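Undergrad: Model the full assembly from the supplied sequences, consistent with the hints where possible.
Taken in order, these protein sequences are the chains called B and P. Residue numbers for the first sequence follow the numbering used here, so the first one is 864 and each next one is one higher. Residue numbers for the second sequence follow the numbering used here, so the first one is 9 and each next one is one higher.
Any given hint might turn out to be false.
[Said to hold, decoys possible] Between beta-carbon pairs, the in silico distance windows are: (1) V13/P x G925/B: 18 to 26 Å; (2) V13/P x D923/B: 20 to 28 Å; (3) I947/B x V12/P: 39 to 47 Å; (4) H36/P x R953/B: 17 to 25 Å; (5) V910/B x V35/P: 20 to 28 Å.
Honestly, the hints are just simulated from the structure, not real lab data. It should be emphasised that the depicted structure is a prediction, and the values quoted were computed from it without experimental measurement. Glycine included, C-beta positions come from ideal geometry on N, C-alpha and C.
Next come the chains, spelled out residue by residue.
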Amino acid sequence: MILALVITPGYYLALGALLFIMGAVGLLVRRNPLVMFMCVELMLNAVNLSFVAFGEAMGDLGGQVSVFFVLVVAAAEVVIGLAIVVAIMRRRPNVNADDLSVLRG
Amino acid sequence: MEAVVFFVAAAIVLAGALGVIISRNPVHAALSLVMTLFGVAVLFINLEAYFLAVVQVIVYAGAIVVLFLFVIMLVGVDKAEDVRAEPIVRQREFALLAGAGLLALAVIIGVAAGGEITGRAPGDLDIVRAFEDVDDIDGDGITDETIPPSQVLTDESSGERVVTRPNSDNIHQLGDALFTDYVFAFEITAILLTIAVVGAVVLARRPSGDLQDLPEFDPPGVLRVEPDPDDEVATDIDEEDLSAAEQDASVEAEEATEDATDAEATS
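TA: Structural data, given as structure tokens:
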């Protein structure tokens, strides 16, 4: 039965939506900045999956090129974000995201 | 077969995502993230995006997660998060509510689209059928693949369709697109990466001199005692370290301040 099932792009989009929601909930629930970054990665992956699924559905390579650029931006984002986390944690270990209110006016 | 691969990979992806958001230990969360990323790579292969699948494994699982693990080990936060601490009242409930709202939105969109979520406008389906490879025009023995219309040439006189694909595999196509249509974005990406590297080095560099306390970092309600400048070393460390630090101070003042900084950082 499952072998005969045709996987349309809709399946991938539904999976991407679920993954995005899980990432968003994680971002809101967790307070460790590192885990929050991981949740952002989850959301980016969900969007990548949707991009590739759309590209496949449209027969267009633009979706895959977009994913390529998202990968690069995600890498840059993680590098900068983790550098900030290291700089903060060096002053104050075990800090959580709610303590980082230095910039509050 | 595609369906089996899809459902197994989807289960792996969702289990990994659940692991990221519920594991208290950041190391476990990072390993669950690897699981999710591998699942997404499998789905990319299922979608015939072979190059992206490889890049996903190398860049995400190989570089980004390792970077996460490095930082976890470096700053030593591999302890369980205190779930009882709740600085924002009812944050978890609101977060779950927001997640339920997003889920409801996704379901509504899915229902409104009638299961046909493909990004095409309704009535646009015959265009796709036009370049569906129904009679194996590219001669590779596969008759149900989709060929982009830009690659199908139709002979005006005979009406015969010919597929022109000089470099027909995924990597060649992606490379062609990247260095022709998207070359400007590609070069901007190079600048972005350079800025990111420089920024990371500047941010992660240990600043010269003493680390100064940030007064705003103290939790509210804690009485702050201004430390005596001579007594700075003795605030957090015990007698032994203090005497050692003072000995160092008599030898070389600069070394002592460095010790104090280290002691403060480790305490």
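Undergrad: Work down the list of hints and note, for each, if the structure agrees.
TA: Here is what the structure says about each hint:
Checking the proposed 18 to 26 Å range against V13/P and G925/B shows it holds: the Cβ atoms sit about 25 Å from each other. Checked against the given bound of 20 to 28 Å, the beta carbons of V13/P and D923/B, roughly 23 Å apart, stay inside it. Separation of I947/B from V12/P is about 43 Å and conforms to the stated range, judged on CB atoms against 39 to 47 Å. Remark: the range hint 17 to 25 Å for H36/P to R953/B is upheld by a beta-carbon distance near 24 Å.
Take V910/B and V35/P: their Cβ atoms lie about 26 Å apart, and the range 20 to 28 Å holds.
When the structure is compared with the earlier hints, no violation turns up for any of them.
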